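Protein sequence lines, in the order shown, are assigned to chains A and B. Residues 1 to 68 (my numbering) make up the first sequence, in order. Residues 1 to 401 (my numbering) make up the second sequence, in order.
No lab work stands behind these hints: they were computed from the structure. Owing to the predicted nature of the structure, the values given are computational and were not obtained by experimental measurement. Please note that the accuracy of each hint is not assured.
[To be verified] One side of the interface only, derived from the structure: several residues of chain B facing chain A at Cβ under 10 Å:
1. Gly101
2. Arg102
3. Gln125
4. Thr210
5. Val213
6. Ser215
7. Ala331
8. Gly336
9. Ile344
10. Gln346
11. Pro362
12. Ala363
13. Leu365
All residues carry an ideal CB built from backbone N, CA and C; glycine is no exception.
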Amino acid sequence: MRITVDTERCMGSGMCVLTAEEVFDQREDDGKVVVLRPEPPAGDRDAVREAVGLCPAGAITLSAGDRT
Amino acid sequence: MGEAPHTITTLPTERPPGRPFDPPPELVEARRHGPISAYTFPGGKQGWLVTGFDLVRQVLADQRFSSRKELMLHPTVDYGDFVVPPAPPGEFLLMDEPRHGRYRRPLTARFTVRRMRLLTERIEQVTAEHLDAMAKAGPPADLVTAFAKPIPAVMICELLGVPYEERGSFQENVDKFMDGETNDEDLMAAYTSTQEYLAGLVAAKRANPTDDVLSELTESDLDDEELRGIALILLAAGIDTTANMLSLGTFALLRHPEQLAALRGDPALADRAVEELLRYLSVAKTFMRTALEDVEVGGQLIRAGSPVIASYHTANRDPDRFTDPHGLDLARQEGGHLAFGHGIHQCLGQQLARVEMRVAFPALLGRFPTLRLAVDPEEVDLRPETADIYGVKRLPVTWDA
Ligand code: HEM
Ligand code: SF4
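Isolated chain A (complex conformation) (with noise of 0.2 Å):
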C-alpha cells in the first residue's frame, strides 16, 4: 500500500491523524496533513483505509506499494 496525499485539497480537518496516528501528522505551519510512513505497514492499513473514507477533502488516496 502506498499512500499520497494532495496538500492542495487538504484543509487540515485532522482526521486522518485521530485515525491513524502512527502515519499522518499536520504540518506545524498550516495544519495540512504530512505522511509519516508512506507504505505503513500491516498493521496500520486498517486504519489507514478508515482515514481516506474519512478524510473531509478527499485528499488521500492509495496505490498498490512495493510490497503491497
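With chain A held as given, fit chain B with the ligands onto it using these hints.
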C-alpha cells in the same frame, strides 16, 4: 431523470413524545422513502431535503453546493422579497471559496489534533474546578450552568484571548442568538452589543498583543472588521455546540444506565463513546446549501438555484449506514458520522470539542458515582426544533452527598 421523489410539505417542529434524542418522526419517515425528498419552501420555491447518509456526504463534498448566506432561503419562514446580504467579513461559515479559505486557512494550524491535545491538562483543571464548585453548592445542581456551559466557554475564551472577567455578559448575548426563542428586538440588541464588545477586543489585542489566537491574527493581513467576524463565529460556534453536547449527552447517558455503567467502568471507552454520542445526538442538526449549477443527486436533478436542506441528524440515523441506528451503543465499531459535517466546512473546532468531551464526561461520572436526574425525564426542558443547535435548557441533577 429518476422516479417521482417523495414529497414533504411541511418541516416538522416536534420531536416524538418521550424520545427527546430522536429526530422528528417525519424526517425518519422521509428517509424511509428514500435519501432525498422534494420540499417546497414557504413562498413556493422548489427545494430538496436530503436525509440519507451517503447523499448528505455527497452534497457536502461538492462545491457546486454553496454555503453563501446571500443565496440561502429560510426553510420555514417566507421573508418575501427581503434581500439577504452576504456574510460579513470574517464569518466564513456562510461563504464559499475563495472568501472562505482566506479566513479559515490561517486558523487551521491553531486547531490541529496535536495543538488541541496539548490543552488536555488545562481542560482537566477547568473541569475539576467546576466539578468541585458543583459538589460544594449541591446537591442538587443544574448541570447546564454548573458544568456544560462554563467548560467550553472558558476554553474558547482562553484560546481567543477574551479576559475571564468579560466572559459573563458575552455569554449571555451568545445564549440569546442560540436559544431559538429570543425575539427579534432582543436579538438585534444582543448582536449589536456583541459586535461592540468584539471591536473593543480586537483593538485591545492590536495595542497589546497577548498569547492567544486573536493576537496572533493581528499580525496577518486581516483587518479589524475581518478579525471581529472571525472572533464572533469562533465564540458562537465554540460556546454553544460543545455545551449542548455535554448537557444533552449527560441526559442521554442517564437515560441509558447500562451504557453509563459501561463508560464508568472503562474510561478507555471514552474516545469511542464521544463519537457515538456525537452521532446519536447530532446537536448541529441541519445546514443549508444552494445549488450553483444543475446537479444530479440520488437520481434527482437539482436545478441551479435550488435550496437544499441537509439533515445531519437524520443522516446519522441512516439504517443503510449504521446497524440499529436509533440505539445508543458506546462501543459501536462503525466509525464516521456527520455530526461535524463534511467537506470544506467540516467543523474547525472538532478536535477541541473532542478533547473537551473526552475529559469532561469521564470526570463527571467519576466525581459523582450516584449522579441522577432530579426531575422526571419528561420534565426536562428541551430546546425547540427552531433552535439551530439542539439541547437542554436546564438539566436538574442530584447525587448522594
Ligand atoms: C461538539 C461540538 C461541535 C459540533 C457538534 C459542531 C458542529 C459543526 C458542524 C456540523 C459544522 C459544519 C457546518 C456546515 O456544514 O456548514 C461546524 C462548523 C464550524 N465549527 Fe463546529 N461544532 C462543534 C464545536 C466547535 C468548536 C468548539 C468550535 C470552536 C473553535 C467550532 C467552530 C466551528 C467553525 C469555525 C465552523 C465553520 C467552519 C467552516 O465553515 O469552514 N465548532 N461545526
Ligand atoms: S483527513 Fe484529509 S483534510 Fe483532514 S488533515 Fe487529513 S488529509 Fe487533510
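| Hint status (Cβ of B:Ser215 to nearest Cβ of chain A, threshold 10 Å) | 18 Å, violated
| message | Less than 10 Å between beta-carbons is the criterion; does B:Gln346 satisfy it with respect to chain A? | response | At 4 Å from the nearest chain A Cβ, B:Gln346 passes the 10 Å test, so the hint holds.
| said: Please check whether B:Thr210 passes as an interface residue: C-beta within 10 Å of a C-beta belonging to chain A. | reply: It is violated, given that the least Cβ distance between B:Thr210 and chain A is near 21 Å, above 10 Å.
| query | Per the CB criterion, is B:Ile344 less than 10 Å away from chain A? | reply | 6 Å, holds
| Can B:Leu365 be said to touch chain A, with a Cβ gap under 10 Å? | This interface hint is violated because 23 Å lies over the 10 Å limit.
| said: Is the interface hint satisfied for B:Gly101? The criterion is a beta-carbon contact with chain A at less than 10 Å. | reply: 8 Å, holds
| Status of the hint placing B:Ala331 at chain A (closest C-beta pair under 10 Å) | Violated, because the Cβ-Cβ distance from B:Ala331 to chain A comes to roughly 17 Å (cut-off 10 Å).
| message | Hint validation: B:Val213 versus chain A, beta carbon distance must be below 10 Å. Holds or violated? | response | 13 Å, violated
| message | So, as I understand it, the hint says B:Arg102 touches chain A; can you test that by seeing if any CB pair is closer than 10 Å? | response | Hint on B:Arg102: violated, closest Cβ of chain A at ~13 Å, above 10 Å.
| message | B:Ala363 was flagged as interface toward chain A. Is the shortest Cβ-Cβ separation under 10 Å? | response | 21 Å, violated
| query | Would the hint on B:Pro362 stand, with a C-beta cut-off of 10 Å toward chain A? | reply | For B:Pro362, the interface hint is violated, since the closest Cβ of chain A sits about 18 Å away, which is over 10 Å.
| Per-residue hint verdict: B:Gly336, partner chain A, C-beta under 10 Å | 5 Å, holds
When the structure is compared with the earlier hints, violations turn up for hints 2, 3, 4, 5, 6, 7, 11, 12, 13 and for no others.
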